[in-house]
Structure formats: C-alpha cells, structure tokens
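Please put together the full structure from these sequences, using the hints given.
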Amino acid sequence: MGVTGLSVARTTDPAAEAALIDRCRQQDPVAFGKFVDAYQNRVFGFVRRMVPNVEEAADITQEVFIRAYQSFNRFDGRSSVRTWLFRIAYNLCVDRSRKVDRSPSETSLQMGGDDGEETMDVADSRWEPEKVALDDELAGVVERGIESMSEKLRSVLLLHDREDLPYEDIAKMLSVPVGTVKSRLFLARAHLQQVLSAYLNPEAI
Amino acid sequence: MKRENNMSQQDPNLDAKLTTSAQRQVADTVRALPEETVSLAWRSALNERLAPIAAKKVRVRRVGWLWKPTAGLAMAGALAVAVMFRIAPSPTISSVSVSSGVEANLVAFHQQSEVAYDVAGPGLANPDAIEKTTGKNTEPNWTEDDLSSL
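In the order they appear, the protein sequences are chains A and B. FYI, in our numbering the residues of the first sequence are -17 to 187. FYI, in our numbering the residues of the second sequence are 91 to 240.
Simulated from the structure, these hints should not be mistaken for lab results. It cannot be assumed that every hint is accurate.
[Said to hold, decoys possible] Listed below are the simulated DSSO-like cross-link pairs for lysine-lysine, each with C-alpha atoms no more than 30 Å apart in a straight line:
id: 1; chain 1: A; residue 1: K16; chain 2: B; residue 2: K147
id: 2; chain 1: A; residue 1: K134; chain 2: A; residue 2: K154
id: 3; chain 1: B; residue 1: K147; chain 2: B; residue 2: K158
id: 4; chain 1: A; residue 1: K154; chain 2: B; residue 2: K158
id: 5; chain 1: A; residue 1: K134; chain 2: B; residue 2: K146
id: 6; chain 1: A; residue 1: K16; chain 2: B; residue 2: K146
id: 7; chain 1: A; residue 1: K16; chain 2: A; residue 2: K154
id: 8; chain 1: A; residue 1: K154; chain 2: A; residue 2: K81
id: 9; chain 1: A; residue 1: K81; chain 2: A; residue 2: K134
id: 10; chain 1: B; residue 1: K146; chain 2: B; residue 2: K158
Please read these numbers as outputs of a predicted model, since none were measured by experiment.
Written out as structure tokens, the structure is:
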C-alpha cells in the first residue's frame, strides 16, 4: 500500500525534521524536495477527499506545495509544520469550492471510488484476494460516506481522524471554538456509522 | 450548523461521547483507509512548476547580497562627503540675530559710529577723538619762561 509518504512523515526524527524545516525556511530546493516526499501523499489524500475531481485535487496539491515553498520563510513555528501545511491545503480547497460556487455537500455519490482507483496503489499480493476485495469495497463505502458529508463535517473528520491534528489546531484552522470541532466530529462519525451500518446490515433497514 | 452549536453548548459529555466504542471504530476505519499516492508525472510537474520559482528566489537573494553592501557603502560615502564639505557660516554683524532691544541699540550705535568714522574721520563724531581733542585743550598752553617774564 502507499504508506511510504505517511510513514516517512510520521516517523521522522524530530531533530532531523527541525533541521529539514530550517533548510526549507532558507528555501533550499533539495530540502524542500525531501519535505514534499514526506508529505505529498498525505496532502493529496486530504485534498482528494475534499475535492471530488482527481485532476483538480492533483492540481490543488501542487499549489499547496508551491505556496508552502514561497512562504516557508514566514513559517514561524508556532504550530507544527503539518498543521501549517494542512491549513494551506484546507484554505485552497475552500477557495476552490467558493470559486466553483457549489457546496461540497451537494457532491453526488457517483464521484465515488472509481475516480480514485487509478491513483490507488496496487494491493499487497500477500493479502487474500477476498479480503482485499472486501477491504476495497468497504473502503469504497467509507469514501462515499465521507463524500456525502457536508464540507464542515468532512474537513473535521479528515483532519482529526485521518491526519491526527489536535482539536485546538483544527479549531484555529477553521476559526471555530473547540466545542464546535468536537460536535462536528461527533456528527461526522455518527453519519459514517449510519452509512456503514446500512452497508453491513442491509436487512436491518 | 444549528445542530452542532446546540450540541457543543448543551452537551458537557461530548468528550465521553467521542470516546465510545462505536465512535472509535469509525475513527479507526477512517484512519485505516488506503493512502492515496501521487504519480511520478505529478511530481515531475510539480518540480517543473517549482524550478522557475526557486531560480527567481536565488536571483533575488544574489541581488540582495550585492545590493545591501553597495547601498550601505553609498550611504556611508554620502554621509562622509556631507560632513567633510559642510561650510560653517562666518559670524558677521548682519548675521547676528538680534533678539532684544538693548542689543539692537548697541549694534545700531556701533554701525552708526563706524559709518561716521568712515565719512568724517576721527572727528567730533568719535567720542575718543572728542575726548583727545578736549584733553589737548585743557593742557596748559604756556611755559615756565612765560611765568618768569611776568
């Protein structure tokens, strides 16, 4: 599975990451290349789930890193670099949805897993095919459940449960109180729970 | 939106609700979603977009390295020239600012006496000359021979 970027970003030694960020602040292209390596998949995954169109998501992800490179010297380190990067990504996604003038909550379910398949990694061959099929199917259901949420619920769910950002950082990013972040997270999970229940127990409905 | 605001304001057990097993299961499911990966073509396109920006940054930095010392030297030179060639104005009577009436009278008297001396020479207008003249007149105009002839 494509966890390379994720594992790099999550297991990097803090001292090494601080040194890398310092070099990025000085706009060292080589260091920034490593930074992109570490975060490109995570940022793309977030943007891809916020923006239904894959090509548009890829373009926005590039824009995220270009903006990050241009403004790295202004990164003050008050928040983590991950929070800072996802704030740029979130703002660009919001800008995009404003430009399109279409609420992401109106996103239709037809934009489901099919679009994302071409960018998915090839599954590990050691896995059982049935299991892989089930996981893919289940993952598709979860993805469609996420897409069917409003942008507000989706962004909180992804930033907290997917990207492990703390409530406070998300609250600052979205300019809402921490309580609102928590309630949005609760509602998002409840929505997804309903979607999964309907998929796993169709007779119960 | 109204629903979430009501929840956050009214529900003090939101933290507890977020840690129920059902909620945690959903969170784990989201976390376990397969990671999306970008293609090599995407990365190469990003590098192409970054290259001119990086080159521009380097150019700006180089210009900055040259520009800052040059500007500093130019400023220092201009300051030195200004300090060295500044001409202090010579103090003259006309340039003395007269602030009080007594000073003004003194200056006016001095100027008048200077003009009078230039025109008439050492004469009546000159108090020293008057005093000298007066002094000569008071000097005795006779000798001891005159006394003996009496």
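Evaluated hints:
1. A:K16 with B:K147: Holds, at roughly 18 Å.
2. A:K134 with A:K154: 14 Å, holds
3. B:K147 with B:K158: 16 Å, holds
4. A:K154 with B:K158: Measuring from Cα to Cα gives roughly 38 Å; hence the hint is violated.
5. A:K134 with B:K146: 38 Å, violated
6. A:K16 with B:K146: 20 Å, holds
7. A:K16 with A:K154: Given that 30 Å is the threshold and the Cα spacing comes to 27 Å, the pair holds.
8. A:K154 with A:K81: Distance of about 23 Å is within 30 Å: holds.
9. A:K81 with A:K134: Holds. K81 (chain A) to K134 (chain A) sits at ~17 Å (cutoff 30 Å).
10. B:K146 with B:K158: 18 Å, holds
Checked against the numbered hints above, the structure violates hints 4 and 5; every other hint is satisfied.
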